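Number of protein chains: 2
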Amino acid sequence: MSLIIVGTMAFDALETPFGKVDRIIGGSATYAAWAASNFTKSIKQVSIIGGDFPEHEIDALKQRGVAFDGVEVVKDGKSFFWSGRYHMDMNTRDSLITDLNVLAQFNPVIPESYQDCDYVMLGNLAPAVQMSVINQMKHRPKLVIMDTMNFWMSVAMDELRSVIGKVDMLLVNDGEARELTGEYSLVKAAKKIMQMGPKYLIIKKGEHGALLFYGDKIFSAPALPLEDVFDPTGAGDTFAGGFIGYLAYTGDLSFDNMKAAVIVGSALASFCVEKFGPTRLQEIGIENIDRRIDEFVSLINFEIKR
Amino acid sequence: MSLIIVGTMAFDALETPFGKVDRIIGGSATYAAWAASNFTKSIKQVSIIGGDFPEHEIDALKQRGVAFDGVEVVKDGKSFFWSGRYHMDMNTRDSLITDLNVLAQFNPVIPESYQDCDYVMLGNLAPAVQMSVINQMKHRPKLVIMDTMNFWMSVAMDELRSVIGKVDMLLVNDGEARELTGEYSLVKAAKKIMQMGPKYLIIKKGEHGALLFYGDKIFSAPALPLEDVFDPTGAGDTFAGGFIGYLAYTGDLSFDNMKAAVIVGSALASFCVEKFGPTRLQEIGIENIDRRIDEFVSLINFEIKR
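Line by line, the protein sequences give chains Z and H.
Once you know that position 170 of the first sequence is 170 in our numbering, the rest is easy, because the numbers rise by one and skip nothing.
Once you know that position 9 of the second sequence is 1009 in our numbering, the rest is easy, because the numbers rise by one and skip nothing.
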């Protein structure tokens, strides 16, 4: 089934303890589309780019089934640019440069050809932009998931809470869940967030995996223990794209299938961090993903003799 | 099969965000014995206490099958006393008072009646004390596991490395694994630690669960997401006691059974933190543990449609 992905398509300059790149494509919608397109060939991208965004990168995504009708191209504008440096722990980073460029004028228009979509992923963006997309949908999609970040909690908490009240699922990391609710316990934080509106919640914990909440149910997914996390940029977007791509492919919104989707998202994210930018995601296919999922199975599989 | 537990039996004064207690029994060997005695009724305790250690606490352990021949009682001495205050995150704490008391003269003697034991747990103690126990064993036990803490890395690294070189398994937390090896990646740290001698390694990650390493194999166990961690004191010792108690009961040292033992230890630890001190461990039975293990199964169980 069709999937709308809303987010940034950008350039990043990245520095990790393992090296640096000056200019590589990035953006939440880029990572999410690469991840999701392993499962569904009907992806409707919503973003804004400058004339500088590489044609061959667009073509590569189109070949994966990604529609660009909803991607505004500002010919004489520059794409969003972000530059960051990761600390040794790879969980914390300094933003060095944030040039919004064309993103400053992002006012997404959902094309008529996108209106049949049942699955919507709202990547991390200004809450007002996320809300505008929801309001443009003529029928209620089966599943709307949203990502956000702590920045919006500081500058636009009211708008953020309004959007959270409209979606089916929120994805945040553990620090953001705590900041959003004032609760240290993630179980308590999850309850408060689900009281804000979303039926489902995913709390991402980086190298410690992710938790999926639905009512009183909790699913705990591990992260694959890796020798090196080469570049964590985009891992969260890749997780979200793999997660919702798998749901769109299976068309099954049961809690059991959501658990499977969390593992699929985790598997995709474990590839993402192996190389700079989306490089590794562009190399892998479904066979690689299947093998990685098997690694997750053997990582957590146990049987108790009683 | 019989199990030797070496460690402290003590008094603790504890302060957490949820309350405080001025004087409650504690100590690594106390927690470990309560946990292990759910599975094996042949536990040989090795410790040192003062005349102030409550008789009824000793009797309660004896009724669980814990032998005290190896526990030295210094009638006119005071038991080890530790006082600590936990921060809001429950992962960090300040030591307020550490009165070694009789622990300063701890020179464990392994009684002849303990020599048939195949399982040995060395709780966190001075490495020289741990080594003395190993050297007193007339035949090599099937499994010797040891706990330690970062303090010994600062003051007795050479002795610590010698003991690590003699045991089958080391249990440390993630920070200690990093400090011991200088590696941030836990996978790399694990390889370095296993090169020091132990065939097996468990890295405890508190609310994020635990990792079991053996050669190239890794098992990831979640922690049960809890609304409140009331008092984390003794959770690591309880984990270790439940782990080795289950192994001693099953007598099966395969990697598959070690994975099960990690879940059993995690289940026990999840009870430990529900009340101050070992209170909760003294209340529960095998039925509670079985139900808790079922919660672990549903927490991580998934199936992928391919």
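These aren't lab readings, by the way, just hints derived from the structure by calculation.
Be aware that one or more of the hints could be misleading.
Unchecked claim - Below 25 Å or equal to it, Euclidean Cα-Cα: the simulated DSS-like pairs (lysine-lysine) are:
#, chain 1, residue 1, chain 2, residue 2
1, H, K1275, H, K1205
2, Z, K188, H, K1205
3, Z, K205, H, K1191
4, H, K1166, Z, K217
5, H, K1142, H, K1166
6, Z, K199, H, K1305
7, Z, K188, H, K1275
8, H, K1166, Z, K305
9, H, K1205, Z, K205
10, H, K1020, Z, K305
11, Z, K217, H, K1205
12, H, K1041, H, K1020
13, H, K1192, Z, K305
14, Z, K217, H, K1305
15, Z, K275, H, K1191
16, Z, K275, H, K1217
17, Z, K217, Z, K188
18, H, K1205, Z, K191
19, Z, K205, H, K1188
20, Z, K275, H, K1188
21, H, K1217, Z, K205
22, H, K1020, Z, K188
23, H, K1192, H, K1217
24, Z, K41, H, K1305
25, Z, K305, H, K1142
26, H, K1275, Z, K191
Since the model is a prediction, treat every value here as computed from it, not as a measurement.
Each hint, compared with the structure:
1. K1275(H) <-> K1205(H): holds (20 Å)
2. K188(Z) <-> K1205(H): Since the Cα atoms of K188(Z) and K1205(H) sit roughly 20 Å apart, the hinted pair holds (cutoff 25 Å).
3. K205(Z) <-> K1191(H): Given pair K205(Z), K1191(H) holds - Cα atoms ~24 Å apart, limit 25 Å.
4. K1166(H) <-> K217(Z): It is violated: about 43 Å lies between the C-alpha atoms, which goes past 25 Å.
5. K1142(H) <-> K1166(H): Distance of about 13 Å is within 25 Å: holds.
6. K199(Z) <-> K1305(H): holds (23 Å)
7. K188(Z) <-> K1275(H): Since the Cα atoms of K188(Z) and K1275(H) sit roughly 18 Å apart, the hinted pair holds (cutoff 25 Å).
8. K1166(H) <-> K305(Z): Measuring from Cα to Cα gives roughly 29 Å; hence the hint is violated.
9. K1205(H) <-> K205(Z): Between K1205(H) and K205(Z) the Cα gap is close to 12 Å, so the pair holds against 25 Å.
10. K1020(H) <-> K305(Z): violated (38 Å)
11. K217(Z) <-> K1205(H): holds (22 Å)
12. K1041(H) <-> K1020(H): violated (32 Å)
13. K1192(H) <-> K305(Z): violated (32 Å)
14. K217(Z) <-> K1305(H): Since the Cα atoms of K217(Z) and K1305(H) sit roughly 21 Å apart, the hinted pair holds (cutoff 25 Å).
15. K275(Z) <-> K1191(H): Holds. K275(Z) to K1191(H) sits at ~22 Å (cutoff 25 Å).
16. K275(Z) <-> K1217(H): holds (24 Å)
17. K217(Z) <-> K188(Z): holds (13 Å)
18. K1205(H) <-> K191(Z): holds (24 Å)
19. K205(Z) <-> K1188(H): Distance of about 20 Å is within 25 Å: holds.
20. K275(Z) <-> K1188(H): holds (18 Å)
21. K1217(H) <-> K205(Z): holds (22 Å)
22. K1020(H) <-> K188(Z): holds (22 Å)
23. K1192(H) <-> K1217(H): Distance ~15 Å between K1192(H) and K1217(H) Cα, so the pair holds.
24. K41(Z) <-> K1305(H): holds (18 Å)
25. K305(Z) <-> K1142(H): holds (20 Å)
26. K1275(H) <-> K191(Z): Holds: K1275(H) and K191(Z) sit about 22 Å apart, inside 25 Å.
Comparing the model with each earlier hint shows violations of hints 4, 8, 10, 12 and 13; every other hint is respected.
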